[in-house]
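With numbering that gives the first Met the number 0, letter number 177 in the sequence shown gets 176, and the count goes up by one each step, no holes.
FYI, nobody ran anything at the bench for these hints, they're computed from the structure.
Hints are not guaranteed to be accurate.
[Unchecked claim] With a cut-off of at most 35 angstroms between alpha-carbon atoms, the simulated DSBU-like pairs for lysine-lysine come out as follows:
hint : residue 1 : residue 2
1    : K226      : K58
2    : K226      : K19
3    : K35       : K59
4    : K59       : K226
5    : K239      : K226
[Stated by the list, open to error] What follows is a set of in silico ranges between Cβ atoms, one per label pair, in the way DEER data are often shown:
hint : residue 1 : residue 2 : range
6    : R70       : D111      : 39 to 47 angstroms
7    : N164      : F118      : 35 to 43 angstroms
8    : L257      : P153      : 35 to 43 angstroms
9    : E120      : L96       : 30 to 38 angstroms
10   : E56       : L228      : 33 to 41 angstroms
11   : A224      : A277      : 15 to 23 angstroms
12   : D273      : A150      : 37 to 45 angstroms
Just so it is clear, CB atoms sit at the ideal spot from N, CA and C, and this is done for glycine as well.
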Amino acid sequence: MSTFNGFWPALLTPYTSDDKINFTVLRELVDYHLAKRVTGFYICGSTGEGAFQSTDERKKIAEAVMERVNRRVPVLIHVGASAINESVQLAQHAARLGAAGISSIVPPVVYDARGVAPFLERIASAAPDLPFLPYLFGGTRDSIALMQELAPIPNFVGTKYFGANMYELSQIAAFRSNNWTVFSGMDEQAVLGLMYGAHGVIGSTLNFMPGVYGKMIEHLKQGQAEKALEYQQRGNRVTKVMLDMGFVGSMRAAMSKLGFEVGAPRLPNLALADERRATLFAQLADAGFDELAAL
């Protein structure tokens, strides 16, 4: 099984004005990120709004991205859904496409925690030849105990961990010494995640400033933690602007500054009101958005 590292955008999904998948812009986004030398792509996750798309739409997104990437970098496809049969279909489809691996969130509505591991095991077993990396949200359940439950799954090779608990992340990173990948999913703490054992980062803000995270990784490899932290803090100034104004809507509006019209998000995510765009752009300029996006 493959292991992974580096900096990966959690790729957003562009929509047309009538709320269809905008495949033209999707391909342009892939080209943009390949030119930025990202290490891989994570698609149809939370940022990609997979939960708000039909199974057919998700399959077509995966097909379009895989065709455009053309094996130049690995692609992890998030196949999680509330309905297990949909996840199984998506996992099998990912295998047919030749994805580098699959991922899945823990089901959003769980009345008995004992059902989580069997749910994830069934998804993993639907594509037994693909690496499986569940998407864990720190602080929502005992992640270490879940790792132990998932350990017998042959293609379970790591996780994407979203959370601020660096002790928990370090425990997960140390869970295995071989054939193991942990991605840090909290952009605001990427440097800490890497220092605590994560092998790479996957995040939303890599849609518009992937080079910032490439710089963090580069400086950490060279033993220059202070420089890595400097890039983290600079990136966080941009992130804070978006969080303060509504992250999803702000992120999509900001993509237009890079030349990509990605459309409004799908409900329950909300678009940024038109009258707030000028304020957003002014605050992003003050935060150094243009310089960081150019990296």
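Hints and how they fare:
{"no.": "1", "hint": "K226 / K58", "in the structure": "violated (40 angstroms)"}
{"no.": "2", "hint": "K226 / K19", "in the structure": "violated (42 angstroms)"}
{"no.": "3", "hint": "K35 / K59", "in the structure": "holds (24 angstroms)"}
{"no.": "4", "hint": "K59 / K226", "in the structure": "violated (40 angstroms)"}
{"no.": "5", "hint": "K239 / K226", "in the structure": "holds (20 angstroms)"}
{"no.": "6", "hint": "R70 / D111: 39 to 47 angstroms", "in the structure": "holds (41 angstroms)"}
{"no.": "7", "hint": "N164 / F118: 35 to 43 angstroms", "in the structure": "violated (23 angstroms)"}
{"no.": "8", "hint": "L257 / P153: 35 to 43 angstroms", "in the structure": "holds (41 angstroms)"}
{"no.": "9", "hint": "E120 / L96: 30 to 38 angstroms", "in the structure": "violated (22 angstroms)"}
{"no.": "10", "hint": "E56 / L228: 33 to 41 angstroms", "in the structure": "holds (39 angstroms)"}
{"no.": "11", "hint": "A224 / A277: 15 to 23 angstroms", "in the structure": "violated (38 angstroms)"}
{"no.": "12", "hint": "D273 / A150: 37 to 45 angstroms", "in the structure": "violated (50 angstroms)"}
When the structure is compared with the earlier hints, violations turn up for hints 1, 2, 4, 7, 9, 11 and 12 and for no others.
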